[in-house]
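Using the hints provided, position chain Z relative to the given structure of chain B.
Listed below are the residues making up each chain.
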Amino acid sequence: MTFRQFAYRNVVRNSRIYGAFFMASFFSVAVFFIYSMLMFHPDIERGILGEVSLIGMVGAEVVLVLFTLFFLYYSMSAFLEARSHEFAILLHLGMERRQMNKLVFLETMIIGSASIIVGIIFGFSFSKFFFMIVREILHLDKLPLYVSWQPFLLTIGVFTSAFVVISFISVYFTRERKLRDLIKESAYLNSDSTYSKIRAVYGIALILSTYVLAFVVSNTSLIGLTLLIPFSAAFGTYYFFSDTVPCFLDKARGKREYHWQRYRLLSLAEQTHIMKDNVKMFFVVTMVSTMAFLSVGVLATMSSYTTQYDRLNPLGLVYKGDVDNPYERNHINSLRIQLEEKGLSYHLSRFVVVKQTSSFTNNEVEVFRESDMNVLLSSFSYPLLDLSSGQAVFIPYSEESLKKLKNKVVHTVLEENAIPLTIDSVYPKIVFPGSIVSVNSIVISDEDFARLIKPIADQDVLQPTYHLFTFYIPQWIESKDIGQDIDELTASQFIEKKGKFSPYYFENAGLNYSYILATYSLFTLVGVLVASVFLLAAGSFVYFKLHASLEREKRKFDVLKRMGLTDTELKKLVNRHLFPQFFLPWGVAMMHSAFAFIMVQGILKDIANISIVKEVFFAFGFFVLIQVIYFYLIRWRYISHIRS
Amino acid sequence: MPILQIKDVTKVYEGKVTHRALNQLSFDVEEGEFLAVMGPSGSGKTTLLNIISTIDEPTSGEIIVDGMNPHMLNATELAYFRRRQLGFVFQDFNLLHMLTVEENIVLPLTLDQQPLEVIEERLASIVEKLDLNSFLHKRPNEISGGQAQRTAIGRALIHNPSLILADEPTGNLDSNSSRDVLELLTKVNQDKQTTIVMVTHDPIAASYCDRVLFIKDGEFFNEIYKDDRRQMFFQRILNVLSLLGGGQVGDLSTIRLP
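Residue numbers (the numbering used here), protein chains in the order written: chain B, 1 to 644; chain Z, 1 to 258.
Looking at chain B on its own, in the form it has when it is part of the complex (with noise of 0.2 Å):
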């Protein structure tokens, strides 16, 4: 028998020990490999998903290789301090620190370079499912397989270096302890918990004090603090579990009438030293946890912000100019033919809207005319309005707006022209995207408008009356090549004038679309790489954590089984064992969680208007599920493995 074949027998037999571990760097690899494929898809590089998505792949797959490295080394190491036994009887037999060193690297490598085989394998045959899903989230044509050396080699020469580069770190960083103690077999265990209260006290403080961060942020809109966010929450995160929860298993352990019942003076002691032994693990599961969870819910708004963009967004193209736009006659001629051209229908009304001083509030108010309101009303087959003279309707902006405008009556007057008004009801359905109406928009009479001969009072405001142009498109999403030349013309006026206000603002929702689903897009594809891959590692840090201890573990089940605990108990106790390991730091992550997203609501609310409450609710449902499962098929294992 060689050196290298004792190696290779030595993974062949122990290959429930490596088992997890090639199937945890396996998939990183498979994933790895799948995204390198759509990173060199020869249409990709014809700009299918724009420049942003490509530097946001790149991205991923560098956050992805320094977590696979990170993951690498972490359960490496778990498995060295597993086998030290037998790296001590080898060494016992008399062999050099430098062959063992050695032995080492040839058995990282030989599970590295199976598990980059197989996962090359694997996401080959798996691309092309996969670039269907990217087809259908994307809305291409078609995107098909092809080969190409690039994903290949990227891939074989990523994972290579990154197992030479972790089978030499772990076996630097093992420590180095006297053969003595390898050999006696970690009989030793040092489980004193020394937590200070300060630090616990700051755990809880510091982590309170984030999420009150975070609802003064989503109030006040201080976006700045948001920096300061991940700092506290990351310190805290750690202190909580180095000193916080010792802290508090100390103080139950102190309570005899509560410590010494059924099996929670066992399983106190447990956790005490768990809390102990994993603080760096927990703490890394949870803050990896957080971020898997933050991008799925990230996806979740987006996916609801797709859906509901069309709802807000009812008119295809808007163009708002001054009275005295130079450009008008002509951009709204080539717009027409645009349109025409594409055979695309079209519904076009035009508003005259004045400003004028409210009296109710003293604020400037947007007038529209009633017939003007109808025209676009009827062209989306919604009821008309029917005012008579003194009689005013506000425009809801928002959905929001709907429900807060529905029941308040407010008599005002318009003052420049001393026209009395009650406005008793709002519009009930959204007309103008939020980006147009300003908030205090109202309808009044024909007759009322016609009174309207003074201008606002105030000298400062700008477009005291503007010209409102909207193309009602059914097809509007494809309307998104529609009045380029205008934007152009903006977009070279804003660089000339440095700012300076244009005469008119020109919005197409067929091309705002296209962006908002190119960074949905985008989110998918990084969002669903980083949560998946974070998610298996995160339950496997836990899996690798528990087997590296399972000898020590079955060794304390046999005496307490001599001892007459009944398998219900041995049940219950494993339980009592495994629960905190999974749901601590995931139910601390989802506490995090939970908690940026009531502050991404908040701040949402102001931009674009939409409620996430039940996306990231189906979402923490579904990683509660897969959590469940997960719990019990290791819970399964390990219990199997107690038993045998």
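Please note that a few of the clues may not be correct.
With a cut-off of at most 25 Å between alpha-carbon atoms, the simulated SDA-like pairs for lysine to any residue come out as follows [unchecked claim]: (1) B:K561 x Z:R84; (2) B:K454 x B:Y504; (3) Z:K138 x B:A252; (4) B:K556 x Z:E57; (5) B:K561 x Z:F90; (6) B:K561 x Z:F81; (7) Z:K138 x B:H273; (8) B:K561 x Z:L116; (9) B:K556 x Z:N172; (10) B:K556 x Z:N50; (11) B:K554 x Z:Y80; (12) B:K614 x B:E399; (13) B:K556 x Z:D56; (14) B:K571 x Z:N50; (15) B:K251 x Z:E121; (16) B:K255 x Z:N133; (17) B:K554 x Z:R84; (18) B:K197 x Z:K138; (19) Z:K226 x Z:S242; (20) B:K561 x Z:E102; (21) B:K554 x Z:N133; (22) Z:K138 x B:R262; (23) B:K571 x Z:T110; (24) B:K251 x Z:E102; (25) B:K251 x Z:E142; (26) B:K408 x B:G390; (27) B:K561 x Z:T100; (28) B:K561 x Z:E57; (29) B:K571 x Z:N74; (30) B:K554 x Z:N141; (31) B:K571 x Z:N133; (32) Z:K138 x B:K454; (33) B:K561 x Z:T110; (34) B:K572 x Z:E102; (35) B:K276 x Z:E142; (36) B:K572 x Z:I55; (37) B:K251 x Z:N160; (38) B:K276 x Z:N141; (39) B:K572 x Z:Y80.
These aren't lab readings, by the way, just hints derived from the structure by calculation.
Frame of chain B, contents of chain Z only:
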């Protein structure tokens, strides 16, 4: 009335190599007796202890503890039987490292859901009897081997079991600690009339017992009872051991010529 009866117990390990660990072994242990089981390595001592402690099942024959056959019970009842009737002392102590000495001792009672007052009362009496006060709040890795074994004896005694099974309790101890532990076991045996079955290699340890049972290759070999002087008893144990050592021992001539 015997508290433990072993009737024609045979244990055969099936496998690639079939191995008969116990062969039609029978003996009784009276209540309050301190019995040592001796025999060379591989004679089936540990198998016997495992079968008595219901961890393992005999291939044929039966054992009767306190009038009932525990191997007829189902798994849960068996666990309850072990937790109430049996106490264990192991060679390597098998204390749980994350618990303090005190917690290790009360563990069997908490598992059995005793109320706190009972636990504290029993703990106090055990601590006094075994003199554990000086290291009660330390952890197993902070105390000496003798202290650890005393802790383990405390754990085995706290629920007042009818039978204590000790597997080489002095195997890991130095001579002073060994003596302490053995004197303690003798005291427990005499004060509370607790029945103890101890498996051992050590003739000195065996000399503390009321009776020594020798087995060889899974079969009953001999038994001797203690007499007035421990020194004499020890000598007789050694004699049987040298007989047990193999056919060649008896052939040695007492005088060797150069």
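>> Are any of the numbered hints broken by this structure? If so, which, sorted upward?
In response: 21, 31, 32 and 37
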